[in-house]
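Residue-level listing of the chains:
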Amino acid sequence: MSPTPAKPGGTRIPSRRTVLRGAFTAAVVTGTAGALFPLLDRDPAATARPAPAPGPGAGSGSRATAEEFAEMYRGREIWGTATVVPAGAPADDRVAVAAEPVTEIRIDGRPLHVMRRADGTYLSDVRHYESYPTLLETARAAVDELGTARLAPPAAHHM
Amino acid sequence: MYTRKNQRDLTRTEKRRLIDAILKLKRSGRYDDFVVMHREYYVMDTERRPRPAHMTSSFFPWHRQYLLEFEKALQRVDAGVSVPYWDWTQDNRPTSSLWAEDFLGGNGRSGDRRVTTGPFAYAAGNWSVGRGVTDEHYLTRNFGRPGSDPVSLPTKNDLARALKDPVYDTAPWNSVCTEGFRNRVEGWGIRGVRTVGLHNRVHQWVGGPMAGAASPEDPVFWLHHSFIDLLWDRWRKAHPKSAYRPGRKPASPGPDRDYVFGLDDAMPPWRVTPRKLLDHSKVYRYA
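Heads up: the sequence lines are chains A and B, in that order. One point on numbering: in the UniProt record's numbering, the residue at position 118 of the first sequence is 118, and numbering is uninterrupted. One point on numbering: in the UniProt record's numbering, the residue at position 111 of the second sequence is 111, and numbering is uninterrupted.
These are computed hints drawn from the structure, not numbers from a lab. From a predicted model like this one, the values you see are computed outputs, not experimental measurements. Glycine is no exception: its CB is placed at the ideal position from the N, C-alpha and C atoms.
Derived contacts from chain B toward chain A, CB cut-off under 7 Å, selection only: (1) 44; (2) 113; (3) 132; (4) 175.
Pair by pair, the computed Cβ-Cβ distance ranges are: (5) B:16 - A:109: 36 to 46 Å; (6) A:148 - B:264: 41 to 51 Å; (7) B:242 - A:77: 42 to 52 Å; (8) B:286 - A:77: 44 to 54 Å; (9) A:77 - B:3: 47 to 57 Å; (10) B:264 - A:75: 47 to 57 Å; (11) A:70 - B:29: 34 to 44 Å; (12) B:242 - A:153: 40 to 50 Å.
Required output: the full structure, derived from the provided sequences and hints.
Listed below in structure tokens is the structure:
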């Protein structure tokens, strides 16, 4: 059940699906998710790139990129990554991170705060009452909601 | 004892007094404290900490107390005001008197979606937003978010379906419960089951801050939640034998139950239990 961690040098890189299967396993074990649906039922329009090789110091808990994109959407530059720590990390750590992968979205360079629901879908500070299966959809929905507005600069982002 | 009225039944004077009290609260800085508080207690159901406000059983009692606190703050400004409710199944058009010049002002203009009418228009000089989400300081709205992914307000039928559910809430007491009155009204979309509904859908429909993490920045928030609060009353009346769930905490609660507030669990920040909030008949009533 455990996905293969990315090897330094990137010879064997876990597919996004493999990594996500690992995340689901952890979620089932902890019972944080009451109802599970496929996290990604289709590929995002942006090409998912291979996970970067872990840097020095990445031990048993090496990270894998689950999703990565960079594109122009309605004149806005959107960028995002989701990284998941696959099985192999210490049990507690693995469960915590698998329940909430490290996610980052930027719109025109400014960070958008992203959260995750128990079914694995994402929501953001801008669209806070609706969630999306992928970070890319989350970012595009935030651009739709923002209209011509810009995100607050990072300093003001967290109150 | 005071009365919360349907917003469509407010007199001109009642509207003016409510708006004046809200503007005074804004000027004092207290209004923005409420915005921050909502954001602080909006905890996700993937987080490993207590979540009293959203994606949780105590969605109704937490917001009941939150509204009571806001109302108390308003009443310190003007003892004669209360928070009216917006029945969005009835007043479901942008031309409703709710959105008139003498009340909440209307939809955002095209382009930057800025609200330019009513007391909360930026140019009037009394209202600014931007508590950490966007860079803009003017209030925006985008009714129905026309375009590729439009939303409509919930209908009477949508509401009737939720009120019919005899169970208050079900395990795992979060945003993915397919059964139970609470999540039907809170309205989380569940893939393969149902789309975004009722409470959440109204936030989407208004758009601007209402759709985001600082939703109380648009004063319609309070009128929306006053109606949500009334729905809890309607449901209790329709199902007198149904109880708030979950009840007593089991000796060894599983992870599902750990961060959820049962009937006798004190909710932050007020340390009030859902049980204390079931009956509000000594404090206010709905007309």
